[in-house]
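2 protein chains.
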Amino acid sequence: MNMNPAAVLLLALSLSASAQAAGTWTSLPNHAPDPAANPSSAAKVELGKMLFFDPRFSETGTVACATCHNVMEGGDDHRPTSIGVHGQKGGRNAPTVWNAAFLSAQFWDGRAATLEDQAKGPVVNPVEMGMKDLPAAVDRIRRIGGYRESFVKAFGGGEVVTIDNAAKAIATYERTLITPNSAYDRFVDGDTTALTAQQQSGMRKFAAAGCTSCHQGPNFSGPALPPGTAFLMKFPVYAQSPYIATYGLMADAGRFESTGKEADRHLWRVPSLRNLVYTAPYMHNGAVKTLPDAVRVMASAQLNQTLTDTEVADLVAFLESLSGPFPSQTMPRLPPTPGDLLL
Amino acid sequence: MNMNPAAVLLLALSLSASAQAAGTWTSLPNHAPDPAANPSSAAKVELGKMLFFDPRFSETGTVACATCHNVMEGGDDHRPTSIGVHGQKGGRNAPTVWNAAFLSAQFWDGRAATLEDQAKGPVVNPVEMGMKDLPAAVDRIRRIGGYRESFVKAFGGGEVVTIDNAAKAIATYERTLITPNSAYDRFVDGDTTALTAQQQSGMRKFAAAGCTSCHQGPNFSGPALPPGTAFLMKFPVYAQSPYIATYGLMADAGRFESTGKEADRHLWRVPSLRNLVYTAPYMHNGAVKTLPDAVRVMASAQLNQTLTDTEVADLVAFLESLSGPFPSQTMPRLPPTPGDLLL
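Protein chains in written order, with our numbering: chain A, 1 to 343; chain B, 1 to 343.
Simulated from the structure, these hints should not be mistaken for laboratory data.
Incorrect hints may have been included.
Sample of chain B residues lacking proximity to chain A, with all beta carbon distances greater than 10 Å (derived) [claimed, not checked]: (1) T26; (2) S27; (3) V45; (4) T67; (5) F107; (6) N125; (7) G157; (8) A251; (9) K289; (10) T306; (11) A317; (12) G339; (13) D340; (14) L342.
Only pairs whose alpha carbons sit at most 27 Å apart, straight line, appear in this in silico DSSO-like list of lysine-lysine [stated by the list, open to error]: (15) K132(A) - K205(B); (16) K205(B) - K289(B); (17) K132(A) - K234(B); (18) K89(A) - K153(A); (19) K89(A) - K89(B); (20) K234(B) - K153(B); (21) K89(A) - K289(B); (22) K132(B) - K289(A).
By construction, the Cβ of each residue, glycine as well, lies at the ideal position given by its N, Cα and C atoms.
With these hints in hand, go ahead and build the complete structure from the sequences.
Next up, the structure:
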């Protein structure tokens, strides 16, 4: 499904050049698009929320999707890298699940084309939820008898408690985790008072400096591409940036780590810039602690620019305008645990 | 504050005998009583909910109150014993926080007189949240700047971000975690159709067998005693019960472990029987996997009785009538993390 990364890169640069030239700024839609194979329903959202918050599908019963993707805050986990079962540390910073529905592909390296594909990953990652395999995860769900009713409501009768349906439900819930109507969105939609003068200055600088080469579109994560096409970019681009050593930015080879292809070395899926206020620390390794430093790193490593303190402050002010508002959510009710589920 | 345990025990037996004789069954109040020193307010409940769900006050940023007291299910953690920071296992089964406001005292051994006292315990327990000390926990809260506004709303101005106020807020939130209006409550309040014939049979057996000696009152956790007075009971009472060896019920010496007093050996604070459907596995060590087995263990070890299968089934049916309903809750919104909070 994915295009050749080099082709994607070129396509992106060409698209972004035209978008930038046209000065296109677009607000986030009020709904994330459903894939035809997984239409949304209230029952599916509710089941997905239950599964998202349920730690019982991890080996020890202690790690849920929500553990590393804390939607009560930034949709990440506040740490440089996550901690999974048995206190094990993961290798990359937990990306936010807020607005993940609008990303070109999932995971830092874009190795999952869809939210549905992504949802099956952490469950069986030995340093995340640590289940032996996906059938073992489904077995856990089936042993919690109360889940069946929720699966039937979402997917009809028959053998509905399956890993594919669980992933579909989680993805459907995640498509509700979006934050339209930020100050930026309101500004773009015509409310000229929604951004301060400093934020507007930062917005102009954001385009002029070339940030929009990658961080474009309503989610600031790239242009509209065919579904499942990863919008990838090399990071860092400028090998002479002093920040590379400071923050260890090349220790992880990005997409190469999962594909083994030389062409994928240090390629990353372009992330969103929404809700950065809530997702420190930054970068794939969580090494950059503050938003001003993250702006300096990106300007240096991607655009070969050194910004003034005023420019940094303006850009940060603009980026802050991409925060929230976060929708109010009710907590799911989880079905009871049989006493021999977790020994 | 606590009475001499032996005195408490005698008091309880005398009270329960009269309650049982009078056939007193009472429903759970719709509100848990506030202590005079900590009156409830909406702002305090909201702050308490934020703190309850926030993992950032644990050493690794991964363990919140809600981790082991999952209020989306039974208010416990589904495991025999809990797992805290660095994958460490605790020694006792996480007790449910649902209706903890109605317990005579907190923790399995009743060593905390109030919810306010209890809230300060797990934060600095090395195998739970693992903070070095309470000042370190407060420092974490202070460094998350967005919390200050919520503390001011709940406690007024000045130096309000303190451990005592944090504990007060958490306790205030916990007083909202109650489940009146179960089938049992409706039956006791006059709805004669609320319990099945089998449940009513189990209810009669519950009193006749002597379960109400300890599990009496609206929360089935003991008689009304002066605030902070732990209602303690020896467990197991009958040393010849075969279940003691089967489930290792005497490996933990109960209150003796915290006081070192011989008189406290194998004394435990009487727990509630509400929502048992949601809190398997059972007992202080989480060794008993099913509710029928838990009933058999208690009959044998506490009352020296062997129940028939019908009696067990009836008692279980009655205990099931003490479940829920759980109030709908909105998720709290947590303030942003500074990038250097958790390294």
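Tested hints:
| no. | hint | verdict |
| --- | --- | --- |
| 1 | T26 | holds (25 Å) |
| 2 | S27 | holds (22 Å) |
| 3 | V45 | holds (14 Å) |
| 4 | T67 | violated (7 Å) |
| 5 | F107 | holds (21 Å) |
| 6 | N125 | holds (16 Å) |
| 7 | G157 | holds (25 Å) |
| 8 | A251 | holds (17 Å) |
| 9 | K289 | violated (3 Å) |
| 10 | T306 | holds (21 Å) |
| 11 | A317 | holds (15 Å) |
| 12 | G339 | violated (3 Å) |
| 13 | D340 | violated (5 Å) |
| 14 | L342 | violated (5 Å) |
| 15 | K132(A) - K205(B) | violated (45 Å) |
| 16 | K205(B) - K289(B) | holds (22 Å) |
| 17 | K132(A) - K234(B) | violated (42 Å) |
| 18 | K89(A) - K153(A) | violated (37 Å) |
| 19 | K89(A) - K89(B) | holds (18 Å) |
| 20 | K234(B) - K153(B) | violated (44 Å) |
| 21 | K89(A) - K289(B) | violated (32 Å) |
| 22 | K132(B) - K289(A) | holds (23 Å) |
This entry does not satisfy hints 4, 9, 12, 13, 14, 15, 17, 18, 20 and 21, going by the numbered hints stated previously.
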